[in-house]
Amino acid sequence: MSEHTVRIVVDGRELEVPKGELVIKAAQDNGTYIPRFCWHPRMKPVGMCRMCLVFIDSGRGPMLTTACTTPVADGMKVDTTDPAVKKAQEGILEFLLINHPLDCPVCDRGGECPLQDQTMAYGPGESRFVEEKRHFEKPIPISDLVMLDRERCILCARCTRFSEEVSGDPLIEFLDRGYHTEVNTFPDHPFRSYFSGNTVQICPVGALTATLYRFRARPWDLVAVESTCTHCTAGDRIVIQASQNEILRFLGVDAEATNQGWLSDKCRFGFGYINSDQRLTVPLIRDGDGFREATWGEALDLIAQRLGDVIRTSGPDAVAALGGARGTNEDAYALSKFMRTVVGSNNLDCRMDDTLDAEFLAATVDRALISDIDRAKTILVWGPDLKEEHPTLYLRVRRAAIGSVPGLVSSNSDAHLAAAAGATLVVVHPRATGLDPVADFKLTYRPGSGAELLAQLRAGEGRLAEVRAALAEGPVVALVGRTGSTEDPRLAEAVAAFVRTLPDAKILPLARRANTYGALDMGVAPTLLPGRVSISEETFTAWGDIPRKPGRDCRSILEGALAGDIQALLLVGADPVRDVPDGDLADRALDAVPFLVAVDLFLTDSAGRADVVLPADGFGEKEGTVTNLEGRVQKVNAIVPGAGQSRPDWSILDDLARRMGSSLGFGSAEAIAKEIAEVAPAYRGVTWDVLDWEARDGVVVPGGEGTQPLVYLPADTPGPIIKADLVLHSARTMYDDGVTMRHTPHLHRLAPGAALHVHPDDAARLGLGFRARVVGSSGSATLPVVTDPSLARGVVYVPFNQPGCPPLGSDPRVTVEPA
Amino acid sequence: MNETRLVTRRMADHPADSHTIERYEATGGYSQARRSLQMGRERLVELVKESGLLGRGGAAFPAGMKWSFLAPARPAYLVVNADESEPGTYKDRQLLERDPHQLVEGIIIAAVANEVHHAFVYVRGEYARPARRLQRAVEEAYGRGYLGKDIFGSDYDLEVVVHLGAGAYICGEETALLNSLEGHRGEPRLKPPYFPAATGLYGKPTIVNNVETISNLPHILELGADGFRKLGHPEDTGTFLFSVSGHVRKPGNYELPHGITWRELIFEVAGGLREGRTLKCWIPGGASAPWFVPADHLDLEITKDATGRAGSMLGSGAVVVMDDTTCVVRAAQRIVRFFAHESCGQCTPCREGTSWLEMILGRIEEGAGREVDVDVLLDVADNISVGLAWPPRMTTICPLGPSAVSPVSSITRYFKDEIMAHIHQAGCPLR
Amino acid sequence: MLTELLKGLAVTFRQMFRPRVTTRYPKEFRTKPQRFHGRHVLNRYPDGMEKCIGCELCAGACPARCIYVRGMDNPVDAPVSPGERYGFVYEINMLRCIFCGLCVEACPTEAITMTHLFEMSVTNRDDAIYTKNELLMRPDGTVPHMFDDDPYANYEELNTADGWLRATAPGGVAAYEGVKMWQGTQGPASWDPEPDQETRDA
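Residue numbers (our numbering), protein chains in the order written: chain L, 1 to 819; chain C, 820 to 1250; chain F, 1251 to 1452.
For lysine-lysine, the following DSS-like pairs were computed, each having C-alpha atoms within a straight-line distance of at most 25 Å:
| no. | chain 1 | residue 1 | chain 2 | residue 2 |
| --- | --- | --- | --- | --- |
| 1 | L | K86 | C | K1010 |
| 2 | C | K1023 | C | K1010 |
| 3 | C | K968 | C | K1023 |
| 4 | L | K77 | L | K44 |
| 5 | L | K77 | L | K19 |
| 6 | L | K723 | L | K442 |
| 7 | L | K442 | L | K377 |
| 8 | C | K1123 | C | K1049 |
| 9 | C | K1010 | L | K87 |
| 10 | L | K44 | C | K1023 |
| 11 | L | K77 | C | K1010 |
| 12 | L | K19 | L | K44 |
| 13 | C | K1010 | L | K19 |
| 14 | L | K133 | L | K87 |
| 15 | C | K868 | C | K1049 |
| 16 | C | K1010 | L | K44 |
| 17 | L | K635 | L | K674 |
| 18 | L | K19 | L | K377 |
No wet-lab data here; the hints were simulated from the structure. Keep in mind that this is a model prediction, so the values were computed, not measured.
Next up, chain L with everything else stripped away, as it sits in the complex:
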């Protein structure tokens, strides 16, 4: 027995369990299930349902006590099988059922319902209740995504606690009291939370149901596979469930390392596009203004011939590729290998000019794990609004900041009290963010002046002395990224360089798009080779003779296309017109390039201009690996067949290589994974076998000493300070006009919409009415005006990529005039 454990006896079995753990958890971990409804391992216990009543003897004789509110103590005896315990549990279930409607046949929960299951296991045979049950209006929509049936509710407070404790938007609460207690939203305040879907998953009955899944299937006709969400880069573990070859829902998996069971609504409900009837199903070849359907052979032969022509006439450097961040590592590896060995060009980039330096993202020094957030004394978030762009990281940081420790109550251990006090959270962002309510310090700056603020923070004088002092307390975890599309990408690196001077500091560089980290690790960048190897690294010989001169990045590719240097451009799951902040540039570049190929799920704004469009397999349709922002490699799995004739990217590229007289030498995605495991130093040994059978939480790369050849020290060059009368801040929101969202109608309509947010004083100064025209460095739009007193004066905010608004450019200087 160590100092961290105590001995307890559960049903006659002596167990050694961690100190401070709750009886219900300790028993469960050792094979004794105590029934429960309200207790959830990731939230504070409330002891409301009383289902977990067992005999607990702490020296004063056995007493009926709730196992979910009692921490273990040395010598404690727990009896879960005594007839009196059984009777108490039966009694509680009878109480719960007297007002529970017998809706089971039509209830979405029927078949996977904890109330059903526990009634079967612990409940009375029949009810003695002969009176009229309590009635409420049957399901009422409490948001666009969630329905509430108060008759079925057993008032366990899981949803209310989740929204208050975990997600921090307490929009759902108990109303009234006693027999008439109900869960509901406040009048005129719908349950508009980015995390509302979690309440559906943790509801122990069918009181909260998802509008999308409503009556679509029963649990017994679902097939399921575990996978990894790729809406953001956190690598959230999910279960995909499908029926009749149609994906019907996602559930969160409680993976300690990543999402701990929670998902954002975008992740949970954002799969509509996979089933969309707008999906590309056959290859298309340009025919005048439109397209004609073609066979794979015809389309690939055409591409092979045209690419060959370009390489012959203008050299391999006239060919470029954008994208690769939406697919798997295997797809990215195939793209990287195709460009390097078949074409012989380093002009490829998975970044859409809206994120950070490739080396910094892929191989920064002192990289943090997500779980380091829990142990940090100080957390610095200088980057995107986590709630909008990295929702599950937001939950993690929020929890660390408020310092609630789930699973423990009133334990007096010092460690617990220290953790309960929470980390000091410093948030730096040009605008209000979701983390502000729990932040100890919030620093705001005007876009373009970040470098100035950084210098002041480094000096720690005046009003920043307190913040600087807080940052001096380690361990420090810093989440750094680009706060918006008008910010200089070098600022985040400079912040990281500053963070490295702090004690015990770790850095988590933030990029948003799906598998950006995986694609970079596979070398889909002008300066990188697979496995975090620099392009100039001569020891990388697996691909034979490849060009060693760094190629063009995204911006340079687009500029090259405009200048006529790039003759052929491959878009692999990329939509530059929508995603590149300098939308104007992308727009003209795609029009200028002589030969454009798009591999995509949809005919996007960019793919619509292509000469050949190839249908690709999407999420849930192909197997592979992805890498999250901490370098964790996890599997994504297939559950439904692709749409029509669609194929995975790697297979398209493999076929194309063959038609160009070369070969990538792949037989299957798994074979690619094997090749990666051999060729890419940081990924050495990470095969599917390992991921499927050994590493439940994935594998963090690099695996060990020396397996990451490139270690990048963040550069301390924050870029110029740009001052102007009006500066633009433009950042992404959770729901936007991206291609997957656009084809997921129920989420697309939740997009906030394009608008110009200005401070009321500025609005008055500029004489703005209901609409205003905003002219950015690379685009302009006439937008409705929203006054927002939380903005700094002189800053205008336009959410990025909203329906009806093109990207406005990456320069913060804008002009606004009344329209």
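Could you slot chains C and F onto chain L? The hints should help.
Okay, now just chains C and F, sitting in the frame of chain L:
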């Protein structure tokens, strides 16, 4: 039998203006508060401990001991529980309404004794007039420098806030009261921690005392511990306010020492029953207490221990007397309905069980009872309060659920025949 | 030799005077046992509402996996069945069905019952998949036949056959078998009223 007036003396002597500060000071008011400032925490806590003062809110926990549990962390708070909502209890109301300065002085003493600089008085939402009187008294005390900064010219600060509840019985439970005071739903907190003295208001050490308990403090200082002890029973010192109501000739508040018998209380003090009526049963300590019947309990001594041994409690001193015209099923249903209505809805057994009990009792009363209903009644009650034991072995967080079981266990124990008569005659035999 | 012949003829003569057991199917039909498992029907309530709520319990219980059901939200202004949900798709593949009757047992609303009709031969495999069109009784209480113009179809069997009740009562107590626990149905799959109940016309 004469009353022993202590906390009600002033209002009896000067019924017209006992609530004014002039009268209060004219009758020696605030002198003990001044004295307490010189005594310091140690001596005050010791004095209250010696006096043997038991809490008057219902649980009868020794006040001095509660004070000595107060954790050393500061800030700490004093909360006066004036959320008197137990059916049949109306003693605090009188103290608030007719002698508010006595309470304010008590608050000063308690605050000084516990080195507390913030006191809250949580007044029941329905007590508008008592709250107004108390508010006025607090303002007067502020005006004279008895509250606020540097009270009585010393360097001691004390702020007192009078807070009006929103009308919930459960907020009389101390942890629910603290939740309500913090602005949350009035729901009892999980135990442990068992005492707010460790973790209370805003997570800080907190003393929660009843109005009557606090009102006794000036008198303890005046009489000394021995003087106070001499007033009452050796175990239950001092006087006790009985709120006698129901079928007696002279219902009202009576301040009496412990140790008299129920027969004396009902038949002598309260004037007995009306002409031609016989005593059927009575509730000895508020709606939550199991009932007493003449055959077993009339000559029982009224002390905390004797009542406890007989399977009930003195609680807040509300004595509800019922004569032979009372239908016990209806009486029990009314009480259970009260608890069902006041349940906070947190715990399943209380939320669902109390309403179910009410429905079954209602059905029996209306003549739709079945024989099996008696068993159902008892079993449902048993699922709320295991074994119908007293003190209850609860399946709930707070004792409200088990309180609702008391009338059910009482009528099934003493009046089974009357319940069966309801069932067999398909209606109330007394109607 | 002769005795053997006579013995044999005796048997023949004896049989000649016994009643005939062969029925002249398809000209005449035998009365089926009460619990004969014939093809299914989906019932309606007397007010015309469908009993099926699309709960898929039949599909879940089916050992041959021949039932495919999908539910849907009841239209608020014109509900198809009582409650929130109705059976939007209902299909039984009669080629796979083994007529075990577990679907009938599983049904919580007694929406699906079995008739005595056993003639289900088809010339096309697609026709063996009975959809809601063929399964759901008409508002007048009759049951559609797969081929309405089939000269050999025996509507008698379909329209008068008694729906088979569950083997035990919903409560699981065998003693309650056949005791009416739900609202009566019009047409097939209804039972005689209890002595004190008034007869309800279809």
